[in-house]
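Visitor: These protein sequence lines map, in sequence, to chains A and B. Sequential numbering of the first sequence, starting at 18, is according to the working numbering. Sequential numbering of the second sequence, starting at 18, is according to the working numbering.
Do not take every clue at face value.
Copies of one chain are not kept apart here, so a pair can be met inside one copy or by any two copies together.
What the hints assert, rightly or not - Straight-line Cα separation of at most 20 Å, SDA-like style, residue types lysine to any residue; simulated pairs:
{"id": "1", "residue 1": "LYS385", "residue 2": "PRO86"}
{"id": "2", "residue 1": "LYS26", "residue 2": "GLY313"}
{"id": "3", "residue 1": "LYS385", "residue 2": "ARG301"}
{"id": "4", "residue 1": "LYS385", "residue 2": "ALA269"}
{"id": "5", "residue 1": "LYS385", "residue 2": "PRO136"}
{"id": "6", "residue 1": "LYS385", "residue 2": "ARG85"}
{"id": "7", "residue 1": "LYS26", "residue 2": "ALA137"}
{"id": "8", "residue 1": "LYS26", "residue 2": "ARG390"}
{"id": "9", "residue 1": "LYS26", "residue 2": "ALA133"}
{"id": "10", "residue 1": "LYS26", "residue 2": "CYS370"}
{"id": "11", "residue 1": "LYS26", "residue 2": "GLN372"}
Calculated from the structure, these hints are not laboratory results.
Protein chains: 2
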Amino acid sequence: MIELDAQAKTPLYEQLYAQLAAAIRTGAVPPGQALPGRRSMAARLGVSVSTVDTAYQMLAAEGLAEARPRRGFFVQETGGRLHARPAAAPPATTPTPAPAPPAPRYDLSTGSVDTALFPARSWGRIQREVLYTCPELLQRGEMQGDADLRAQIAAYLGEYRGVVCAPEQIVVGAGIEYLLGCLAHLFSGCTAAVEDPGYHRTRAVLQNSGIPCRLVPIDGSGLSVTALEASGADLCYVTPSHHFPTGVTMPAGRRAQLLGWAAAAPGRYILEDDYDSEFRFDTRPLPSLQGMAGPGGPVVYLTTFSKSLAPGIRIACMVLPPDLLERYRQDFAVYANTVSRFEQQTLCRFMACGQFTRHLARMRLAYKHRMERFAAALRTSLGPAVVLGATHSGLHFLLTCPGAGGEAQMVAAAAAAGVRLRGLREYYMQDPDACPPDTVVAGYAALRPDDIEAVAAALARAWRPPV
Amino acid sequence: MIELDAQAKTPLYEQLYAQLAAAIRTGAVPPGQALPGRRSMAARLGVSVSTVDTAYQMLAAEGLAEARPRRGFFVQETGGRLHARPAAAPPATTPTPAPAPPAPRYDLSTGSVDTALFPARSWGRIQREVLYTCPELLQRGEMQGDADLRAQIAAYLGEYRGVVCAPEQIVVGAGIEYLLGCLAHLFSGCTAAVEDPGYHRTRAVLQNSGIPCRLVPIDGSGLSVTALEASGADLCYVTPSHHFPTGVTMPAGRRAQLLGWAAAAPGRYILEDDYDSEFRFDTRPLPSLQGMAGPGGPVVYLTTFSKSLAPGIRIACMVLPPDLLERYRQDFAVYANTVSRFEQQTLCRFMACGQFTRHLARMRLAYKHRMERFAAALRTSLGPAVVLGATHSGLHFLLTCPGAGGEAQMVAAAAAAGVRLRGLREYYMQDPDACPPDTVVAGYAALRPDDIEAVAAALARAWRPPV
Numbered sequence: 018m019i020e021l022d023a024q025a026k027t028p029l030y031e032q033l034y035a036q037l038a039a040a041i042r043t044g045a046v047p048p049g050q051a052l053p054g055r056r057s058m059a060a061r062l063g064v065s066v067s068t069v070d071t072a073y074q075m076l077a078a079e080g081l082a083e084a085r086p087r088r089g090f091f092v093q094e095t096g097g098r099l100h101a102r103p104a105a106a107p108p109a110t111t112p113t114p115a116p117a118p119p120a121p122r123y124d125l126s127t128g129s130v131d132t133a134l135f136p137a138r139s140w141g142r143i144q145r146e147v148l149y150t151c152p153e154l155l156q157r158g159e160m161q162g163d164a165d166l167r168a169q170i171a172a173y174l175g176e177y178r179g180v181v182c183a184p185e186q187i188v189v190g191a192g193i194e195y196l197l198g199c200l201a202h203l204f205s206g207c208t209a210a211v212e213d214p215g216y217h218r219t220r221a222v223l224q225n226s227g228i229p230c231r232l233v234p235i236d237g238s239g240l241s242v243t244a245l246e247a248s249g250a251d252l253c254y255v256t257p258s259h260h261f262p263t264g265v266t267m268p269a270g271r272r273a274q275l276l277g278w279a280a281a282a283p284g285r286y287i288l289e290d291d292y293d294s295e296f297r298f299d300t301r302p303l304p305s306l307q308g309m310a311g312p313g314g315p316v317v318y319l320t321t322f323s324k325s326l327a328p329g330i331r332i333a334c335m336v337l338p339p340d341l342l343e344r345y346r347q348d349f350a351v352y353a354n355t356v357s358r359f360e361q362q363t364l365c366r367f368m369a370c371g372q373f374t375r376h377l378a379r380m381r382l383a384y385k386h387r388m389e390r391f392a393a394a395l396r397t398s399l400g401p402a403v404v405l406g407a408t409h410s411g412l413h414f415l416l417t418c419p420g421a422g423g424e425a426q427m428v429a430a431a432a433a434a435g436v437r438l439r440g441l442r443e444y445y446m447q448d449p450d451a452c453p454p455d456t457v458v459a460g461y462a463a464l465r466p467d468d469i470e471a472v473a474a475a476l477a478r479a480w481r482p483p484v
Numbered sequence: 018m019i020e021l022d023a024q025a026k027t028p029l030y031e032q033l034y035a036q037l038a039a040a041i042r043t044g045a046v047p048p049g050q051a052l053p054g055r056r057s058m059a060a061r062l063g064v065s066v067s068t069v070d071t072a073y074q075m076l077a078a079e080g081l082a083e084a085r086p087r088r089g090f091f092v093q094e095t096g097g098r099l100h101a102r103p104a105a106a107p108p109a110t111t112p113t114p115a116p117a118p119p120a121p122r123y124d125l126s127t128g129s130v131d132t133a134l135f136p137a138r139s140w141g142r143i144q145r146e147v148l149y150t151c152p153e154l155l156q157r158g159e160m161q162g163d164a165d166l167r168a169q170i171a172a173y174l175g176e177y178r179g180v181v182c183a184p185e186q187i188v189v190g191a192g193i194e195y196l197l198g199c200l201a202h203l204f205s206g207c208t209a210a211v212e213d214p215g216y217h218r219t220r221a222v223l224q225n226s227g228i229p230c231r232l233v234p235i236d237g238s239g240l241s242v243t244a245l246e247a248s249g250a251d252l253c254y255v256t257p258s259h260h261f262p263t264g265v266t267m268p269a270g271r272r273a274q275l276l277g278w279a280a281a282a283p284g285r286y287i288l289e290d291d292y293d294s295e296f297r298f299d300t301r302p303l304p305s306l307q308g309m310a311g312p313g314g315p316v317v318y319l320t321t322f323s324k325s326l327a328p329g330i331r332i333a334c335m336v337l338p339p340d341l342l343e344r345y346r347q348d349f350a351v352y353a354n355t356v357s358r359f360e361q362q363t364l365c366r367f368m369a370c371g372q373f374t375r376h377l378a379r380m381r382l383a384y385k386h387r388m389e390r391f392a393a394a395l396r397t398s399l400g401p402a403v404v405l406g407a408t409h410s411g412l413h414f415l416l417t418c419p420g421a422g423g424e425a426q427m428v429a430a431a432a433a434a435g436v437r438l439r440g441l442r443e444y445y446m447q448d449p450d451a452c453p454p455d456t457v458v459a460g461y462a463a464l465r466p467d468d469i470e471a472v473a474a475a476l477a478r479a480w481r482p483p484v
């Protein structure tokens, strides 16, 4: 029973094809059966022979029917299936990941953003414009990323982060992990120093990619250059704008020392991860180390759009000094860029018309207000003993609450009260006992403004039960 | 001169902010100057004090102005610049890539697709729907890719490619190169066999990632298992559906031999790149080697959406056997997925409503007609001596034209006539002299139907000049 609708938007041949395909797949037209002749089918349906022919050809092209010379079209013996459908259940040997814990009521983890701040309307408008007017974006693009996006990024980083580079030095990639993997190839044979406490992720990616890592402690000015020197590393990963997770900003003197370390021996490089530098609320952020070292200096600058746009949109970039750039271009010549060109161009236009910097200014203000309100609510609920550290920048701060039973107890009690957060201790990789006591990491980016007082009250109940 | 438009969609505070920011950046309001008091500014513009206050806060949050206690807002001393804008020209030491050759009139290279076949309307509709209704996609997603997309891919691969797997075994990533890089980590310490002739790319990626490669010749049935055995490799990369670039399909007997090789020693694996298998025009494609080996077998199945959607949209995937999956999950636990979640979900819905398979059927038919018409035009123009090889599948075929001066001369003469194509010889990595003579690789995916006869005529003029 075929029914075609001449008024529908879908062409007649496609309607016919879809209905026949469905009949073949469900077995309503059995394997091996001849399809009606093209002329008689056309007459029966009141359509042209070429409509029927196109539909039959599509069935054949998809392996659902086959054309037999001088005999017409027949349903494939398998009904178009190459193979029995795999069992719905995974094979018994497949490891199943542990089920995710139930979503907490309030999320104070550090990886999320406030989705309400995303400029969906402007982004969607540009995205549509790009999709409908730039079919050339369907083809493969430049290996380092589209040139016009790189020009926008270079101008932005120059103006706002003091990065001194030409668009040619920029490599766009689908996330910092991907870019670190590329760098690991360029630094093959090197040993890297990473901050302790610090990101687990960086260390895991570098080690996965064959770069051994040494843990170097941080002090009140960030990574210790004395300890770096002693580590024997020739590569140094740092987060100078906003150390993760302590929030320390590396002052100018320590930066100069660090550049001095790099200059002291050939082949030494600094990987500057400028993570969260967009969000600084008190003073203007210090310009990047990369800019301090100059465009030919031994610094690779890394930054991501995960916080400034969204973690779900995978765009990050790095700025390579000229010597590394040359090697990168040789070794990665055959690689395709990892970011969809539609998203590259959407971001490019979003930056070109000034919306990106306006969006950042709006977010900075919104997050600043949120931080202030959350800090005030915590001080009110938890009383004068609570200490908030590094509130001035980034999208999290440290929350120290003596007398609440210690960090592990604080995390557990918060979880029981529906609040997800992490203790500081887990970021101390070498010596967890060096971690300050009673301290958790409180991210407020995904905290809804209306929930702020409720979260503070929930934490107060969890940590200071009424006697 | 500030002008605000109360009828505009942009909020008043944002209009005010944007105009002040522009004035500060251009220097129209000089560094250090006090901004008008909030009340007087509000009165002058006929807006509320809070409108002015919000605009000033945004300027401060962006570092363009600063609030001085009890004195009001002042333009930053640097006019909001962290740093002088970098010179527009790249630093002298930056290597500049060789300028791209002028675009040829007709493109017969193999990496492009026909952008006119892309379902921009449906894709755009779904993309919009996803952007406006799923803000949760802004957050970080699952490491292996979104579960519902993996379920769609598993069902599709099961039905159309005979791949036997659970969605849990699938890893989505931004291109085959990225996935090969991940595999290289899992196979660290192994030696890989790659097809010769074959993809340069695979070899480059594996070697970049620390996996030494041995070149193994192919014969009329694809990769020689005898030579594979002799190579000492424990990893074997193959393109059994459609060998690149010769188009050979590996028959069932050779496939069984290859699986026998893998089973003969522990730790041996096959990397099956199912490249171009969507496009087969004569018979149904053979099911995948992965399906032949079963879900626990020693085969990693790789496929890309570059041809079935577009090279500019970076989505590929791999199917891991359970033992490798377990190690992958351990070692890559901290990695974020590399594909934008909006594009993952757009593809997921495009597959779920059946549009993806209909799109494939339409493309298959269009490309089949193009191949047939191009082959006919070449036979007519170049005469009976021309031989077309492996026309039945993939989006290119081999074109042999004896008496045209040899391969290098053919490529050069074609280029002079505005036709870009590549010789076969460059894909023979070890022994270019083993390459059949007078043969070029003719990709027709990006060839516009209206150009077909013109290209054939241009090649005939280039290769058989009238005497």
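Visitor: Indicate, hint by hint, whether the structure satisfies it.
Guide: Status of each hint after checking the structure:
In the homo-oligomer, the alpha carbons of LYS385 and PRO86 lie at most 20 Å apart only across protomers (17 Å), although the nearest pairing inside one protomer, at 74 Å, exceeds that limit. For a Cα distance limit of 20 Å, the shortest separation of LYS26 from GLY313 qualifies neither inside one copy, at 58 Å, nor across copies, at 45 Å. Proximity of LYS385 and ARG301 under a CA criterion of 20 Å is satisfied intra-copy only: 14 Å inside one chain copy versus 61 Å between copies. For the homomeric pair LYS385 and ALA269, neither the shortest alpha-carbon distance inside one copy (25 Å) nor that between copies (65 Å) is at most 20 Å.
With identical chains, the CA atoms of LYS385 and PRO136 are at most 20 Å apart within one copy only, with a shortest distance of 18 Å there and 43 Å across copies. In this assembly of identical chains, LYS385 and ARG85 lie within 20 Å of each other by CA distance solely across copies; the values are 17 Å between and 72 Å within a copy. Taking identical chains as interchangeable, the C-alpha atoms of LYS26 and ALA137 lie at most 20 Å apart only when they sit on different chains, with a minimum of 15 Å there against 29 Å within one chain. Taking the closest pair of Cα atoms, LYS26 and ARG390 never come within 20 Å of each other, the shortest separation being 53 Å inside a single copy and 29 Å across copies.
In the homo-oligomer, the alpha carbons of LYS26 and ALA133 lie at most 20 Å apart only across protomers (18 Å), although the nearest pairing inside one protomer, at 36 Å, exceeds that limit. Taking CA atoms no more than 20 Å apart as the test, LYS26 paired with CYS370 passes between copies only; the shortest distance there is 16 Å, against 36 Å inside one copy. Taking identical chains as interchangeable, the C-alpha atoms of LYS26 and GLN372 lie at most 20 Å apart only when they sit on different chains, with a minimum of 14 Å there against 37 Å within one chain.
When each numbered hint is compared with the structure, violations occur for hints 2, 4, 8.
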